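As you go down the protein sequences, you meet chains A and B in turn.
The letter at position 332 of the first sequence is residue 332 when you use UniProt numbering, and the numbering goes up by one with no holes.
The letter at position 238 of the second sequence is residue 238 when you use UniProt numbering, and the numbering goes up by one with no holes.
Calculated from the structure, these hints are not laboratory results.
Predicted model only: the values in this text are computed from it and were never measured.
A virtual CB, placed ideally from N, CA and C, is assigned to each residue, including glycine.
Don't take each hint at face value.
To be verified - Dumping the calculated DSSO-like pairs for lysine-lysine here, alpha-carbon to alpha-carbon at most 30 Å:
hint, chain 1, residue 1, chain 2, residue 2
1, A, 272, B, 407
2, A, 72, A, 407
3, A, 159, B, 407
Unchecked claim - Listed below are several chain B residues computed to face chain A (Cβ distance under 10 Å; list not exhaustive):
hint, residue
4, 67
5, 92
6, 148
7, 173
8, 183
9, 243
10, 315
11, 432
12, 435
There are 2 protein chains.
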Amino acid sequence: MKCLKCGKEYRQIVPPRCSCGAFLEVSYDYSRVDIGKWKNRERGVWRYKELLPDVAKIISLKEGGTPLVKAKIGEELGINVFIKDETRNPTGSFRDRLATVGVSYGLPYADNGFIVASDGNAAASLAAYAARANKEAFVVVPKKVDKGKLIQMIAFGAKIIRYGESVDECIEYARELSRLNGLYDITPENNIIGLEGQKTLAFELWEEINPTHVIVPTGSGSNIYSIYKGFRELLEIGVVEEIPKLIAVQTENCSPIVAEILGIEGKREFTKALGLYVKDPVNKELAIRAVRESGGTAVAVSEDELDFGERALAKEGVFAEYSSAVVIPALVKLHENGYFEKGDRVALVVTGSGLKSYYVEERERFSIGGTKLEILKLLREKPMYGYEIWENLEKPMKYQAVYQHIKELEALGLIEEAYKRGRRVYYKLTEKGERLLENFED
Amino acid sequence: MKCLKCGKEYRQIVPPRCSCGAFLEVSYDYSRVDIGKWKNRERGVWRYKELLPDVAKIISLKEGGTPLVKAKIGEELGINVFIKDETRNPTGSFRDRLATVGVSYGLPYADNGFIVASDGNAAASLAAYAARANKEAFVVVPKKVDKGKLIQMIAFGAKIIRYGESVDECIEYARELSRLNGLYDITPENNIIGLEGQKTLAFELWEEINPTHVIVPTGSGSNIYSIYKGFRELLEIGVVEEIPKLIAVQTENCSPIVAEILGIEGKREFTKALGLYVKDPVNKELAIRAVRESGGTAVAVSEDELDFGERALAKEGVFAEYSSAVVIPALVKLHENGYFEKGDRVALVVTGSGLKSYYVEERERFSIGGTKLEILKLLREKPMYGYEIWENLEKPMKYQAVYQHIKELEALGLIEEAYKRGRRVYYKLTEKGERLLENFED
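With these hints in hand, go ahead and build the complete structure from the sequences.
In structure tokens, the structure reads:
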């Protein structure tokens with residue numbers, strides 16, 4: 001690794017900045033890269049090995065090469081939109097691209113094990129790859145971590161150290177623990193090597209659709225910077241003429257990068273998109289450079305819009321974590337502002353699986369167990385008509401919604417017309433409805 | 001679809017058996033299949049379209065084409081073992097292969113929506129594919145369902161009907177609801193069409209390693225039968241000379257298929273491998289045929305062995321649900337009985353993701369929060385030596401394990417030597433240890 005400013009070279013455990021203060025970057029001899037070789041290789045991160053660090057042994061779970069799915073929402077908006085489904089990586093997030101390179105590269109220096117500071121996904125990834133490499137993994141995570149990610153770390157046998165409020169505090173602590181105990185640190189803020197893995201997402205997008213825009217959920221800033229670096233390398237090799245416009249998305253609650261790009265006041269408060277809860281992102285300058293040099297922009301979305309984003313992605317058939325769901329409201333906002341032109345090819349980077357961040361209690365209210373069950377119970381007492389059912393429900397809701405539930409219960413064969421009085425239709429339980437109810441109650 | 005016995009043809013909503021009583025199977029004109037075309041197509045279920053039902057529109061989330069990962073455990077055992085990682089499908093299980101074919105085929109008949117009876121994975125899959133197809137999904141699931149799967153159904157907006165103790169009871173209910181309400185039923189026990197999707201796993205395994213053995217977690221029996229059908233088609237086309245030996249695995253608690261194959265007494269009790277909790281599998285005969293005609297065998301594993309299996313897979317870097325983890329103890333048992341020969345290529349089918357079936361409470365005891373925290377608390381009171389720490393721990397455990405924890409805490413820089421008395425090393429908290437402890441407690 002070489003400092004792009006002063007030329008100083010670094011090996012092994014690599015700091016993110018040169019001692020001269022400038023950012024470090026891994027560079028290659030781009031004139032010698034023959035990308036014609038790529039298409040004969042298996043899909044995945046290591047397909048692009050000419051542009052990855054040399055390693056003696058590859059620790060891989062066949063990460064990368066994730067599917068690109070055409071988004072229905074694009075048809076509604078009149079532009080071409082594609083979902084880059086990073087939930088399909090081995091541990092369900094884009095961080096597996098980081099871990100395969102970080103662990104493979106660090107293996108000779110990791111006799112005592114690996115360490116990472118993370119809000120969850122990178123920790124789950126390291127846990128898996130270290131297990132695969134027969135090495136110990138230490139992970140430093142903040143007190144609030146998505147449960148699915150925590151479960152993965154535990155399942156993969158990582159030593160979990162919970163430290164601090166947000167990931168910002170974990171980063172320095174991991175660096176100290178790494179120094180004191182000879183652990184190889186793959187935290188992207190402490191070691192740029194893993195970003196070489198992350199950048200392969202750009203190569204894949206280029207091979208797939210050569211996008212005009214890429215919308216990227218942005219927490220620490222390492223992901224958007226990695227993608228930028230990947231496209232810039234394609235530019236240096238001469239296979240693209242332009243870097244796609246990169247769009248950084250954060251939540252209104254925590255938007256240090258977006259605020260600086262847009263020149264607005266940003267907050268640094270808690271967001272339920274835990275992966276984007278980074279108050280003082282070390283890679284902020286890199287992320288801003290990625291946006292500016294690509295001619296892109298930035299968007300902040302509200303906490304409520306996270307739910308909208310998640311539902312909209314679910315309609316596409318993709319279950320994403322809140323931190324990824326930001327891409328949808330960002331897309332819609334930009335579209336409403338006339339940002340896109342016909343013919344644009346917009347890639348949405350969906351970074352992590354919804355299975356990692358679910359809140360069971362919060363979601364169960366959507367299940368059939370709720371209002372529908374209550375309606376069935378009411379009708380067991382006596383036949384009622386729609387308005388009467390609505391009046392008797394414990395939970396206040398719109399009549400229209402209750403009517404919809406009644407129609408669905410009827411379609412399911414669980415209730416049926418008992419009799420009519422004037423224009424009022426009285427409903428009663430069918431035999432099946434009764435059986436269902438009994439079944440719920442024992 | 002045609003009955004293989006009496007020749008009667010069926011269309012649209014297809015029963016699993018012909019009115020003559022024999023099993024139905026979808027068949028093709030194998031003499032006209034040119035498998036040379038496959039290798040130029042994208043990986044995934046629809047790569048094999050000559051051997052799939054004709055559909056007007058494909059509803060796909062790019063399922064199948066899952067990675068095959070070399071298993072380290074094979075090196076220990078001296079045989080070639082590979083993990084077919086079906087957790088890498090869109091919703092994290094092999095059932096996405098079923099849903100893509102079931103939903104694409106059923107689309108013209110599903111104006112009122114789709115339905116499936118399922119212990120969880122097929123329901124989560126249908127929910128995703130129906131959402132993608134802009135159709136309603138009704139899912140009938142038993143009262144005990146893995147939480148992650150339930151969350152997926154909810155996220156994808158399915159109407160959830162919880163019914164009965166195990167999936168056996170759901171199947172008939174789904175059939176009734178389908179008939180009454182004009183819902184297209186993709187339950188494999190009610191409609192064989194989806195098995196055409198599942199069989200593509202066999203085609204992939206053949207392209208990848210042409211295995212000698214395939215070890216398959218077996219609940220309803222549809223999966224092992226699908227794999228069998230896939231290989232038998234390759235035999236009919238003439239590209240393989242022999243079907244690999246198929247090995248059905250169930251749990252000792254619920255083993256109707258395995259018991260019949262081995263001619264032993266089987267139980268039909270609850271198992272924490274919920275996907276294998278099928279008491280009276282409709283596809284039992286098909287599963288038994290798959291095992292017998294392939295020359296394979298069957299294995300039952302205990303509930304404790306599920307934990308062993310899950311841990312062993314985690315060491316490979318794969319986090320699987322209990323229902324999938326059965327493949328590891330099955331492999332080990334067969335190996336110990338001298339079942340395999342050098343040079344055998346054994347594929348383990350890992351059907352679903354561990355993120356779908358975790359029990360948070362059960363797992364959290366493995367976290368650092370446990371013994372290590374207790375040791376830190378003890379040392380905050382006064383310096384102690386190893387044996388003294390061991391005596392003061394609330395939880396009874398082996399001294400060797402406590403010693404290991406002490407060494408790890410020392411390696412983490414959380415405790416250090418305070419002083420020595422004779423050969424006894426007294427430990428105390430470091431500043432970092434104190435900070436960590438404070439952090440845990442507020």
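| Structure-inconsistent hints, enumerated in ascending order | Result: hints 1, 9 break, sorted rising.
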